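Q: Single-letter residue listing:
Protein chains: 2
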Amino acid sequence: MTGQAKYRFTNIISTFIFDADFNLIDKGEDIKGKYKEAVKPEGRALYNILKYFNKPEYLKQFYKANIKITKRAIKESTGKDNLIIQAVNSVEDLKVIANKLAKRLREWYELYNPEFSRSIADHARFAELITLKSRIELLKKTGISESASMGADLEQKDIDVILLLAEEIKAIYKTKVNLEKYINTAMTESCPNITALAGSIIGAKLLEHAGSFKKLMLMPASTVQLLGAEKALFRHLKTGARCPKYGIILQHPLVAKAKDKAKAARMLADKISLAAKIDYFKGDFIGDKMRKELGAKIR
Amino acid sequence: MTGQAKYRFTNIISTFIFDADFNLIDKGEDIKGKYKEAVKPEGRALYNILKYFNKPEYLKQFYKANIKITKRAIKESTGKDNLIIQAVNSVEDLKVIANKLAKRLREWYELYNPEFSRSIADHARFAELITLKSRIELLKKTGISESASMGADLEQKDIDVILLLAEEIKAIYKTKVNLEKYINTAMTESCPNITALAGSIIGAKLLEHAGSFKKLMLMPASTVQLLGAEKALFRHLKTGARCPKYGIILQHPLVAKAKDKAKAARMLADKISLAAKIDYFKGDFIGDKMRKELGAKIR
Numbered sequence: 017m018t019g020q021a022k023y024r025f026t027n028i029i030s031t032f033i034f035d036a037d038f039n040l041i042d043k044g045e046d047i048k049g050k051y052k053e054a055v056k057p058e059g060r061a062l063y064n065i066l067k068y069f070n071k072p073e074y075l076k077q078f079y080k081a082n083i084k085i086t087k088r089a090i091k092e093s094t095g096k097d098n099l100i101i102q103a104v105n106s107v108e109d110l111k112v113i114a115n116k117l118a119k120r121l122r123e124w125y126e127l128y129n130p131e132f133s134r135s136i137a138d139h140a141r142f143a144e145l146i147t148l149k150s151r152i153e154l155l156k157k158t159g160i161s162e163s164a165s166m167g168a169d170l171e172q173k174d175i176d177v178i179l180l181l182a183e184e185i186k187a188i189y190k191t192k193v194n195l196e197k198y199i200n201t202a203m204t205e206s207c208p209n210i211t212a213l214a215g216s217i218i219g220a221k222l223l224e225h226a227g228s229f230k231k232l233m234l235m236p237a238s239t240v241q242l243l244g245a246e247k248a249l250f251r252h253l254k255t256g257a258r259c260p261k262y263g264i265i266l267q268h269p270l271v272a273k274a275k276d277k278a279k280a281a282r283m284l285a286d287k288i289s290l291a292a293k294i295d296y297f298k299g300d301f302i303g304d305k306m307r308k309e310l311g312a313k314i315r
Numbered sequence: 017m018t019g020q021a022k023y024r025f026t027n028i029i030s031t032f033i034f035d036a037d038f039n040l041i042d043k044g045e046d047i048k049g050k051y052k053e054a055v056k057p058e059g060r061a062l063y064n065i066l067k068y069f070n071k072p073e074y075l076k077q078f079y080k081a082n083i084k085i086t087k088r089a090i091k092e093s094t095g096k097d098n099l100i101i102q103a104v105n106s107v108e109d110l111k112v113i114a115n116k117l118a119k120r121l122r123e124w125y126e127l128y129n130p131e132f133s134r135s136i137a138d139h140a141r142f143a144e145l146i147t148l149k150s151r152i153e154l155l156k157k158t159g160i161s162e163s164a165s166m167g168a169d170l171e172q173k174d175i176d177v178i179l180l181l182a183e184e185i186k187a188i189y190k191t192k193v194n195l196e197k198y199i200n201t202a203m204t205e206s207c208p209n210i211t212a213l214a215g216s217i218i219g220a221k222l223l224e225h226a227g228s229f230k231k232l233m234l235m236p237a238s239t240v241q242l243l244g245a246e247k248a249l250f251r252h253l254k255t256g257a258r259c260p261k262y263g264i265i266l267q268h269p270l271v272a273k274a275k276d277k278a279k280a281a282r283m284l285a286d287k288i289s290l291a292a293k294i295d296y297f298k299g300d301f302i303g304d305k306m307r308k309e310l311g312a313k314i315r
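Heads up: the protein sequence lines correspond to chains A and U, in order.
Each residue of the first sequence is one higher than the last, beginning at 17 in this note's numbering.
Each residue of the second sequence is one higher than the last, beginning at 17 in this note's numbering.
Pulled out of the complex, with its shape left as it was, chain A reads as follows (with noise of 0.2 angstroms):
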């Protein structure tokens, strides 16, 4: 036998509604509005009702809503910012490959003609050259024919097998493309002004420095600014050695082709920390504005 409502209470797996006695009355999610007159239990009440939940269904009831309430906190932690990591990790893996790769294609090409690759100094350019199928017509314009050449006269089957290698190099710079074209993409809508003022590929690199946007956001524009240099950083609280004056963003135009880079650079870390927490927090759109007025003032 049940009695009047008297108590309200609310845990991971629902809500409950007690009777003076402490008997369940009802439970759902959405009967705070039907019993208005239950109140949160307190003291000895409040007691004795953790005690009612003491039983085997309901521990297994917590397991299950524990683990829903997880999973769904890691999903929601997956924001922009882990792709963008991801994708920009993936860039500079592509990147060392597409090199490694090449330097291999040209010692193995290099068998068979050596005046072409050393004519060719740029790998993405060489590997897109080689493979092509009015390569001979190039090669006499150039003054280079592949009879005179002191390479190895080799069979068709030992050229395809490196022309193979010189298509795997190609694909590898097109999906490297590709991803920096997402990054652009994802950049620009998650951290406009950060993109507008850094550009995606450092933008990115920012963020995948600092951890995350958030840590991004709250770092001080000093940190920003040693970014990428965290070795150097080290050796200078450590050993005394000269303390460096600038990380990733000695990449970007305006710090690279700068007189006085560490001021520069001092600039452009202010900046982007600006950016930062505007993007954070959905700021308006001043990167454009931002980046002309650095501009200015860097000249």
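I should point out that these hints are in silico values taken from the structure, not numbers from a laboratory.
Hints may be right or wrong, so weigh each one.
Since copy identity is lost for identical chains, a pair holds within one copy or between any two.
[Said to hold, decoys possible] Listed next, the in silico DSS-like pairs over lysine-lysine satisfying Cα-Cα at most 27 angstroms (straight line):
#: 1; residue 1: K87; residue 2: K173
#: 2; residue 1: K261; residue 2: K111
#: 3; residue 1: K119; residue 2: K186
#: 4; residue 1: K197; residue 2: K173
Keep in mind it's a predicted model, so treat the numbers as computed, not measured.
Use these hints to put chain U onto chain A, whose structure you have.
A: Coordinates of chain U only, in the frame set by chain A:
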């Protein structure tokens, strides 16, 4: 005025015929038979003839002929073994690269669906499966549905860029397989006995570590046994640490599965060393027979 042919002199430019007063009568590659009476100059005559070539026009010709000879020598120095070494190096590179990218892919994909990534250990299969169009059904079968995953709910474009990386990894694995096929064909052609005994990849790696086919052929069996364990060997020689017992050939199934690995490695190295000599001098094919004998002995 020129007299009768007296001297015949050959250098890298051509063959020259002189009269008694050292005037040039004729020159060309195939004129030896035409002037049978001419003799090789000696002493004073040789001195005079060498002096004759000390003219700017001949210096230019010497220079050109020299470059031609050098180019030909370089061209001819490239054997099949160089190509195989390049290919096997590329395969090693691709292996490392595919692993590295696959780890990156997993980390990225786990933001979306960690349960699925954890359920498949093999990298190549993982890249294969997540790019499958019928993936959804597969997930249902394995009981891992994407909506119940603790991974984030991503937009399609966020997933597409992850799959782009997966496609790249698949392509790298495919290129690796094609290079291995090439190595297999090339090894079977150039080193049939080594290939039958050790397999094409181990054989190619031995070539690579030896530096060339000739060097491998000249190596004693004990050196072949330790190819690829150079670091441990030098540590042994320097610090008196334990001597390594096998290098690359440990990868061979007969050695890897043997109870006494050191003994099996020694026996295999003996046979490979013999096979290298047979292959180098284009001997008969007895690789299959040797392999059978070896298998019986080790077991």
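Q: Would you list, in rising numerical order, the hints stated earlier that this structure does not obey?
A: Nothing - there is no hint that the structure violates, so all of them hold.
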